[in-house]
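Please build the complete structure, drawing on both the sequences and the hints.
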Amino acid sequence: MSRVLPYPLLTAGLILMWLLLNSFSLGHLLLGTIIAVAASRVMAALEPSKPRLRRWQLIPRLTAVVTLDILRSNIAVASVILNPRRCDRVSGFVAIPLELRDKTGLAVLACIVTSTPGTAWIEYDSDSNILLIHVLDLVSEEEWIALIKNRYETLLMEIFE
Amino acid sequence: MTHVEALPTWAALATAVLVLIGAALTLIGAIGTLRFGTFFERVHAPTLGTSWGTGSIALASIIFFSVLESRPVVHEVLIGVFITVTTPVTLMLLARAALYRERAEGSTRVPPHSVVRRARHLGAGEESGNDAP
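Taken in sequence, the protein lines are chains E and D. Here the first sequence stands for residues 463 to 623, where the numbers follow my numbering. Here the second sequence stands for residues 11 to 143, where the numbers follow my numbering.
You may find that some hints are simply not true.
[Unchecked claim] Pairwise CB distance ranges, derived in the manner of DEER restraints:
id, chain 1, residue 1, chain 2, residue 2, range
1, D, T48, E, E620, 34 to 44 Å
2, E, N612, D, L103, 26 to 36 Å
3, D, L17, E, L508, 24 to 34 Å
4, D, T19, E, I496, 43 to 53 Å
What the hints contain is simulated information worked out from the structure, not anything from laboratory work. Even glycine gets a Cβ: it sits at the ideal position worked out from N, Cα and C.
Here it is as structure tokens:
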């Protein structure tokens, strides 16, 4: 199994992408499968670290939480841009001590933080595991630390660690 | 695009509203890029276009072509996935370059590098043993 399909998730993802780009048919399923198996065996030569999905059933919940949060902060940032007279707004940096160590989990966290308007991933130190983010509308630092840690980090740690 | 009149009203309405929302968010993001004063504030504005700006237009496209062709057309999802996965790479590159420049100039507007390294200074001897609090 691991010899023929070293990265089953990658293979499945590539087949899915092939079928999405072309319309579904038996021929495309076969062709996509051949290409996906070949590509993931090429990928094995690079020896990337293998992500472990411990509790994948939490992924839909994380997706829903993130989608709603992104929608909410879209509205928040749009209102900040459209009201330039609001001079009480302060932007600033927040340093967040993380507990998440898994590389894939950190990559997903980077995608979440970046796709959310109003927060930007600035710097991360893998030795101290401290993340520096920039927040556009900074009211309280503790609130942001608690938000990132409780809302995303806990879920990510349950999924990946 | 030939049989637009064959589109039912609800689908036409949903498509129009979603395209308008997506376009408006992207425009607001562009205005924000122009209006904000500093680099670190400016990086937040285009995110409107890369998150729900893209998402909304892709969703409109999915509805439009799925209804028109009477079969699910969902390859637009890939656009959203690739934008979400690739934006952090550019953003981190830009942010770290800006941070490096500000620190090299001795600016006080950005936190010093010791902010992310402070745990090492405080707990240099905690490397061995378990990390449980």
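Comparing the hints with the structure gives:
1. Range check, T48 of chain D to E620 of chain E: Cβ separation about 37 Å, and the 34 to 44 Å hint holds.
2. Taking the beta carbon of each, N612 of chain E and L103 of chain D are about 29 Å apart, inside 26 to 36 Å as hinted.
3. Look at L17 of chain D against L508 of chain E: about 46 Å separates their beta carbons, and that is not inside 24 to 34 Å.
4. At about 44 Å, the beta-carbon gap between T19 of chain D and I496 of chain E stays in the expected band of 43 to 53 Å.
In summary, the structure is inconsistent with hint 3 from the numbered list given earlier, while agreeing with all the others.
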